[in-house]
Amino acid sequence: MEVQCVGIDITDRVKAERSLKESNKRYELVSKATFDAIWDWDLKTGYLLWGESFQKLFGYVLETIAPNIDYWKDRIHPEDSERVIKSIYAAHEGRKNNWREEYKFKKANGEYAYVIDRGFIIRDKNKKALRMVGAMQDITENKKLRDLLDNASNLARIGSYELHLKKNSLYWSSIIKEIHELPQDFAPQYKDAVSFFKSGKDRNAMVKALGSAVEKNISFELELEIITAKGNERWVRIIGKPEFESGVCICINGSFQDIDKVKRGELEVLKASEEKEVILESIGDAFFALDKDWKVTYWNREAEKVLQTPKEHILGEELIKVFDIRNTSFETYFKKAVEENATQNFEAYFEGNRAWYEVNAYPAPNNVLSVYFKDVTDRKEANIKLLELNKSLKGYTEELVSANKGLEQFSYIVSHNLRAPLANILGLAELMGGEEYPQELRQNFLNELLNNVERLDHVIKDLNDILQVKVDLNAKKESVNLQSLVNTVESSIKNLMQLEQVQILTDFCVPEVKTIQSYLYSIFYNLIANSIKYRQPGLPPKIKIKSEKRDNSLIITFIDNGLGIDLSTKKDQVFGLYKRFHQHVEGKGMGLFMVKTQVEMLGGKITIDSEVNKGTIFEIEFDEL
Amino acid sequence: MKNLHHYMVVDDDPTNNLICEYIIKGTDDQAEFESFIHPEEALKAIEERYSQSENLETILFLDINMPTMTGWDFLDVFKNFQDQIKNQLIIYILTSSIESFSRQKEQYPFVAGFLSKPLKKEKLQEIFAENQENEKNEYRDMN
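From first to last, the protein sequence lines are chains H and R. Under the working numbering, the first residue of the first sequence carries the number 79, and numbering increases by one thereafter. Under the working numbering, the first residue of the second sequence carries the number 761, and numbering increases by one thereafter.
Just so you know, the hints here were simulated from the structure itself, not pulled from any lab data. All figures in this text were calculated on a predicted structure; none of them were measured in a lab. For glycine and all other residues, C-beta sits at the position ideal for the given N, C-alpha and C. Some clues are possibly wrong.
Stated by the list, open to error - Simulated restraints on C-beta separations:
id : chain 1 : residue 1 : chain 2 : residue 2 : range
1  : H       : Glu697    : R       : Pro869    : 20 to 28 Å
2  : R       : Lys839    : H       : Asn573    : 46 to 54 Å
3  : H       : Lys472    : R       : Ala889    : 40 to 48 Å
4  : R       : Glu890    : H       : Glu513    : 33 to 41 Å
5  : R       : His798    : H       : Thr566    : 32 to 40 Å
6  : H       : Gln576    : R       : Asn815    : 55 to 63 Å
7  : R       : Asp836    : H       : His536    : 27 to 35 Å
8  : H       : Glu513    : R       : Pro869    : 34 to 42 Å
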């Protein structure tokens, strides 16, 4: 609208007033239709006309209102007065035609109303302001609501902002300033929409989000770090919603929340759990955790590897359903750990995986169990091998000991049985080399000499036999039928058996033995020969041979009806080399020594029980069948 | 002067007994020699004979390794004989063994000496000389 006024007289002025009133009528409709107080200010005359709503909004009676700017100025809150008045005059001088201010305006009842005042400047062709029309909007209710919101926001440390693209302005609520540790009078600049964000990833994210909002109308919600005016890092959540007008983004508003404490707490938790995870994942041990129902709640990578089960397959499952550890040491120890609330350390073999595990089970509150373990199969196998090696070493040692015993026996042979005939030969040689003896005596000496040379030869042959036994150590074990073994022995001494009417009875409950055939033959032969040799005069030898199983051992028993031996004095010597207990028979005293040696070489034991003139019982026990 | 011409050998080996007999006889013209193959018989003879005599000093050569009764067994029986018997016998162990028998020397201190087979003239002369010079007090000391 444009008003041109000419004339200086009062008539003109009245005319002008009238015309203004008329033109104002055009506003009236608008005025009535809105709650805004419309005003029209003639800058040349200083005349200011208020619309009807002014009365409604602020309680002043229209007729009492002075139609000039001072009336308005006087009612602006002193806090806002200077700023607002300065700004309105500045607007006249400037180039822009729009003016806007928010301020508190005194009402008729003395209260202040919050208002938004918007004005439009009409200029002449020289751009000089001629007239200004505007509208005051009472935003007290809004403001109160906003304050309420601000208070609530304060508690939640949520502030609001408005980034006005058209105006290149940024509004921050006081809480946002607080969050930024800025004074309340800080006036945020457009650039501050991003400037406080931590440079790098955070700021870039903000810039990008704003870009998307402006260009593609995409809302955002980000959690980023800012650096406050005081240089502190602070986590904030910023939510933004772009507003578009005819395809162009005019502003973005939203909330800005301090989530630092929450975030730091969260981060700490995350960090702690990450640390825990890192620890649990990086330890060389496999680890899993069970809840009170023995469901798997944790399963680390090493556990996946060691037990070849990906965690996806076992997490949340009952351990027992995936690994059947029922009735194993694992179950026992896990239960014990929980029941006794005591750490259990154990090694156990898991049949399902055919592996040995070293396990540490730590009970935790609420019947939770943490289990660390590693596969120790290799070590265990090495141990077993070591044990075996040890065993065979022990075997070698035993062999050495028995070889040593053999040596003892050897020294015995040398000292007694080798040296005895030798001493005799030496003695006889000395006698024969000396005095003259009668021919008969000389012949006697000579016979004795030959006799002793023969004895010497026998001993050497025996020695060879004994040494032969030791050499045969590595002979292979084979299945030997005991009855055929007895038959073989019988046929080899057929003549003697017939002559002495020997009777051999057998009762082999265990018919076959895995052993070294030649040894067992020698044992049977010597024991049978021993029984025949030491038979009771006038009583045909009767030998009973039995085999039976007793506590995983094989027992072979020889029972005869022979002379027997008085064990009360001779027990230690029975199996000694060249021990003889009877005068009437030619015995070399080697048989039982050989028997004992060979039984021991087969890993067995031989014991004797005997009663004079009743008979003798030899019992041989082999551990492994 | 003691009458030292009685000799006894206890050994299951007849060859040794034969050698001893001729070595002894070849050394001592007046030797009275007796040998036993079974020690049990020897003990029986000693107990009977020496309880009847007093100065029948006899040198006894005893073998160790015998099947039914060892020389040690023999000594265990012998040491329980009455002093009268024990005092008349001077016992030497005569063995083919080359062991030192240190333990047995302690166990049977009344044994006069340990000899290695075969018995030789020189050794016999030493023993003869030894027993001419020294009074034998062992059995008296023992009790």
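For each hint, the structure was consulted:
1. At roughly 42 Å, the beta carbons of H:Glu697 and R:Pro869 sit outside the given window of 20 to 28 Å.
2. Range check, R:Lys839 to H:Asn573: Cβ separation about 48 Å, and the 46 to 54 Å hint holds.
3. The given range of 40 to 48 Å is broken by H:Lys472 and R:Ala889, whose C-beta atoms sit roughly 57 Å from each other.
4. The given range of 33 to 41 Å is broken by R:Glu890 and H:Glu513, whose C-beta atoms sit roughly 24 Å from each other.
5. Between R:His798 and H:Thr566 the CB atoms are about 38 Å apart, so this pair conforms to the stated range of 32 to 40 Å.
6. Between H:Gln576 and R:Asn815 the CB atoms are about 59 Å apart, so this pair conforms to the stated range of 55 to 63 Å.
7. Here the CB-CB span from R:Asp836 to H:His536 is close to 31 Å, well matched to the stated 27 to 35 Å.
8. Restraint check, H:Glu513 to R:Pro869: a C-beta distance of roughly 37 Å satisfies the suggested window 34 to 42 Å.
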